[in-house]
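Asks: This is what each chain is made of:
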Amino acid sequence: MTSRAVFRAMLGFYMVLFFGFLFGPLVVMGATAFNTPNYPQAWPFEGFTLHWFADLADDRDLMDGIWNSLVIGLGVVALAVPVGLAGAIVMTQIYWRARGLYYLVVVSPVLTPGIILGISTVIFWKDVTTATGVKALYDGFFMTILGQSTFISAYCMLIFLSRLQRFDRAQEEAALDLGATQSQVFWHVLIPFLRPAVLSAALLAFLASFENYNTTTFAILSDTTLTTVLAGRVRQGTTPAISALAVIIILVTLAGAIAYEVLRRREARREAAAAAARQAEENLEGGGRVAAATA
Amino acid sequence: MIESLVKGLLIAAPFAVVAVFWIMAVRERRLAGNPGARGFFQHNGVPIGIFLLLAVGFWAVVMIVLPQLYMVDYSFHPKLPPKDYGGPKDHYTLENYHYFIFGSTTERDALNTTHLRAFFLTIVCSIVVTFVNFCICYPLAYYMAQAAPASRVRLLMLLLIVPFWVNEILRAFAFRIIFGTSGILNNVLMALGVVAEPIDFLGLDVGLYTGLSYAYLLMMMFPLYNAIESLDRNQIEAARDLGAPWWHIHLNVVMPHAKPGIASGCTMVFMLSAGALAAPQILGGPSSLWFTPIVYDRFYQAFNWPQGSAYAFILLLTCVLFVMAVMRVFKVSLGEITR
Amino acid sequence: MSADVELDRVTIRFGPFTAVRGATLRIQDGEFFSFLGPSGCGKTTILRTISGFLEPSEGTVRIGGRDMRGIGPNRRPTALIFQNLALFPLMSVAENIGYGLRVRGVPAAERKRKVDALLNLIALADQGGKRINELSGGQKQRVAIARALAVEPDVLLLDEPLSALDLKLRQHMRNELRAIQRRVHTTFIYITHDQGEALTMSDRIAVMNAGVIEQVGDGRTVYDNPATPFVASFVGENNPIPGQVAGAANGMAVLETPLGRLAGRNPGGLSAGQAATVFVRPEALRLGEGAAEATFRATVRAIAFEGNLSHVYLKGPAEKDIVLTVGRDASSRVPQQGETASVHFDTRAAVVLAARP
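Residue numbers (this note's numbering), protein chains in the order written: chain A, 80 to 374; chain B, 23 to 361; chain C, 127 to 483.
I should point out that these hints are in silico values taken from the structure, not numbers from a laboratory. Every residue, glycine too, gets a C-beta built ideally from N, C-alpha and C. Don't take every hint at face value.
[What the hints assert, rightly or not] Each computed DSBU-like pair below joins lysine-lysine, with the alpha-carbon atoms no more than 30 angstroms apart:
(1) Lys29/B <-> Lys214/A
(2) Lys101/B <-> Lys29/B
(3) Lys240/C <-> Lys256/C
(4) Lys281/B <-> Lys353/B
(5) Lys205/A <-> Lys353/B
(6) Lys214/A <-> Lys281/B
(7) Lys105/B <-> Lys205/A
(8) Lys214/A <-> Lys105/B
[Claimed, not checked] Not close to chain A: a few residues of chain B, all C-beta gaps over 10 angstroms, as computed:
(9) Phe43
(10) Thr135
(11) Phe142
(12) Leu143
(13) Val184
(14) Glu190
(15) Asp222
(16) Gly225
(17) Tyr236
(18) Gln257
(19) Glu259
(20) Ala266
(21) Ile271
(22) Ala298
(23) Leu338
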């Protein structure tokens with residue numbers, strides 16, 4: 080075989096190993112969801128069943144955990160997206176001498192282990208609530224949302240920053256020049272431009288919050304989220320209902336990824352059509368059609 | 023009392039820093055005489071300006087800086103019943119750090135071998151996991167970034183993303199299914215007659231290390247991919263034309279260019295591994311000691327919050343030192359590490 | 127009076143660099159006024175200062191008699207058409223045009239009326255719903271103008287709007303802009319580096335160089351009676367012949383030049399001994415012998431036939447060639463390359479200006 084072919088074969092072999100390693104555990108876990116034994120078993124396969132999926136619906140704790148995770152996720156989106164946006168805008172305006180320190184501070188949560196964010200959040204608010212007497216703030220939901228948002232806002236900020244870099248400042252000036260106030264410029268020109276970034280930041284924030292464990296497990300106090308329930312179950316031993324949940328998550332993710340790809344293809348097609356229309360217009364323009372139209 | 027004074031200083035410090043920079047900025051603007059310069063509230067308008075100030079202020083000060091300062095401060099307090107804080111028994115002390123090293127708050131005749139061993143093991147294993155992740159991911163990252171056609175890249179991206187969105191706990195769970203004493207690996211080995219009794223993979227930490235190598239693959243993959251993708255293909259072609267062998271090209275052309283991506287990936291994987299909580303709790307054998315679960319136990323088993331804070335601070339310092347070391351070794355800046 | 131734009135000793139500095147120095151002029155209400163000059167001469171800076179994006183370091187900008195200091199761009203009675211147009215890509219054509227009205231709280235029905243009227247004005251009558259990225263270059267241009275006109279500004283400022291268009295479109299748009307300006311009677315302040323544009327479109331022109339306004343006047347004045355050597359060379363083609371003033375009388379001056387004694391009008395009142403340059407336009411030069419101090423001889427370097435006229439390039443006293451324009455119907459024959467030809471001109475068409483220091 081030629082060295083090219085050898086190379087190809089090695090590449091193929093590597094890819095098989097890689098994706099086998101990547102998907103293998105998931106496939107195994109998926110298999111246990113359909114297997115009859117009471118504990119997760121992938122092999123030998125004793126019988127096909129779907130009742131673990133049905134069991135999920137009856138699982139009170141799990142459902143509570145999912146609901147709490149949803150609520151917290153929405154809370155994080157509501158907090159992290161605006162904060163990330165503000166962070167990005169300030170980054171573009173901040174006094175140059177302060178920029179390095181500012182960046183260091185706001186990006187540090189990304190490089191900080193999650194449990195430290197959880198621990199520090201709890202300690203801080205415990206202190207604040209005892210000092211001020213406002214007991215209500217020492218609450219699992221409140222602190223989890225804050226703790227998670229600490230680093231998720233940084234992710235959102237990075238998304239907004241990269242989108243902001245492509246913003247044409249002249250549009251802001253044009254709007255001002257036409258009489259808009261600064262607030263109007265913000266809402267009419269900047270936010271619509273950032274809309275794709277807002278959507279991806281919101282989605283990222285929600286997903287990152289939903290699957291978070293390290294920070295949550297400290298900040299949630301006595302409440303539960305899906306991840307803490309799962310962690311408890313897995314450690315104590317569980318039925319394959321958990322595997323059934325995993326299968327559902329995988330299917331939902333796959334559906335989401337496919338939907339995203341479809342939307343992306345549609346958008347690309349629309350862009351191409353607009354470009355073609357514009358080209359046709361320009362071709363006509365050079366040939367004096369304009370003169371007739373403006374007579 | 024000195025504790026209250028320190029606490030007051032800690033609270034005031036961030037605001038002082040902001041005030042200093044603000045004043046410097048205003049002064050510089052006045053003196054520079056730039057015709058187009060406008061102040062913060064002039065540039066953004068008052069309502070948006072207030073929003074920006076409050077949002078960023080709350081985030082930077084109340085969410086990021088102050089909790090960290092409080093945690094560090096707390097680690098220097100002794101363990102007391104809640105009502106005794108701020109009282110006469112409360113004083114600054116190193117006893118929590120003392121405990122980490124010597125296993126007691128006062129005696130020095132023995133070392134806290136359990137915790138110290140766990141700490142160093144965690145660091146070393148995290149470094150190994152990082153390295154293993156890099157070796158696993160680099161070929162595919164390179165292939166996707168430089169060699170594969172665009173449609174295949176998108177497909178591969180899709181395949182990579184799907185496992186990523188499965189919860190880390192479920193992923194650890196999957197490994198437990200595989201490596202457990204009645205797990206699939208043991209069942210297959212016994213059925214094939216390779217072993218007579220199940221091997222305690224979990225007890226040997228094999229499950230843990232495999233699980234950790236698996237968990238953060240994508241945190242290594244994406245920075246690598248982005249970094250390699252930005253390399254101009256012509257450089258590789260040129261090197262190949264000059265007769266350089268493939269390993270030479272990778273060492274001297276691709277990797278130097280991909281330095282920020284490598285640094286980013288390594289930093290994230292190390293930090294996530296060292297700070298991993300779920301995987302060690304789920305996959306660790308009874309004798310396995312991973313540092314982060316130990317920190318967790320300080321809080322919820324020993325109920326010693328100041329001590330837990332001290333341990334957390336030690337973990338934080340380690341990660342900070344690691345990041346700084348990576349930045350020094352790879353000669354990258356902070357901005358390049360955070361994609 | 128209601129919308130005169132006045133610059134009163136305006137100086138604009140960026141740190142150590144002075145972009146505009148001591149600019150003083152008054153633009154009449156309803157004028158089509160151009161700032162003409164090379165890149166970097168400060169014309170864009172002046173435009174942005176009138177719009178309100180920059181504050182002068184010294185001096186005052188007044189519009190309609192009101193001092194504009196401290197008044198932001200959104201509160202000035204001006205509208206700016208940016209060089210890259212800066213249309214809002216996420217809004218439709220109609221929404222773009224109507225934006226200024228929207229932020230002023232004009233109700234939707236009235237907005238629609240005005241926008242439709244403007245769409246008619248710019249000949250895009252039923253295309254209000256189109257997206258910006260579907261428009262061609264010329265159409266975008268017209269939408270930008272309509273958007274600015276919608277707020278009925280006292281002063282419309284245009285920042286080299288035609289520089290990105292191709293030649294044919296540019297020439298068409300020149301006429302169109304002039305026609306629109308006449309129709310709406312708004313003061314137009316136009317900046318460009320293209321002197322042909324400035325001459326065809328403007329009522330008056332301010333010629334700028336390196337931050338200084340060298341001359342203000344209508345096209346004919348600036349062309350026939352340039353005040354400085356820069357204006358003489360920048361506006362249209364010109365032949366500078368350097369020398370020293372030998373004598374001056376009756377508004378004329380005679381120069382000793384490497385090509386001999388040449389005379390021209392002396393608007394600056396130069397006296398004997400001063401270093402000066404006499405400027406003669408290519409179309410003012412004629413082949414053949416002429417009056418004593420209005421003739422010189424030079425070698426023909428090259429001849430360029432350009433259809434309705436030919437350019438004859440003669441070796442001049444400096445590195446630059448002397449250019450002479452010969453029409454198709456010239457009575458004298460066009461000389462050959464290498465020949466030494468006699469060239470003469472009417473001294474009243476020549477201008478003597480002090481040499482650049």
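Asks: Compare the structure with each hint and give your call.
Replies: Right, here's what the structure says about each hint:
no.: 1; hint: Lys29/B <-> Lys214/A; verdict: 20 angstroms, holds
no.: 2; hint: Lys101/B <-> Lys29/B; verdict: 18 angstroms, holds
no.: 3; hint: Lys240/C <-> Lys256/C; verdict: 17 angstroms, holds
no.: 4; hint: Lys281/B <-> Lys353/B; verdict: 8 angstroms, holds
no.: 5; hint: Lys205/A <-> Lys353/B; verdict: 40 angstroms, violated
no.: 6; hint: Lys214/A <-> Lys281/B; verdict: 49 angstroms, violated
no.: 7; hint: Lys105/B <-> Lys205/A; verdict: 13 angstroms, holds
no.: 8; hint: Lys214/A <-> Lys105/B; verdict: 15 angstroms, holds
no.: 9; hint: Phe43; verdict: 4 angstroms, violated
no.: 10; hint: Thr135; verdict: 23 angstroms, holds
no.: 11; hint: Phe142; verdict: 17 angstroms, holds
no.: 12; hint: Leu143; verdict: 17 angstroms, holds
no.: 13; hint: Val184; verdict: 5 angstroms, violated
no.: 14; hint: Glu190; verdict: 6 angstroms, violated
no.: 15; hint: Asp222; verdict: 16 angstroms, holds
no.: 16; hint: Gly225; verdict: 15 angstroms, holds
no.: 17; hint: Tyr236; verdict: 7 angstroms, violated
no.: 18; hint: Gln257; verdict: 20 angstroms, holds
no.: 19; hint: Glu259; verdict: 16 angstroms, holds
no.: 20; hint: Ala266; verdict: 15 angstroms, holds
no.: 21; hint: Ile271; verdict: 13 angstroms, holds
no.: 22; hint: Ala298; verdict: 8 angstroms, violated
no.: 23; hint: Leu338; verdict: 5 angstroms, violated
Hint check: violations occur at hints 5, 6, 9, 13, 14, 17, 22, 23; the rest are consistent with the structure.
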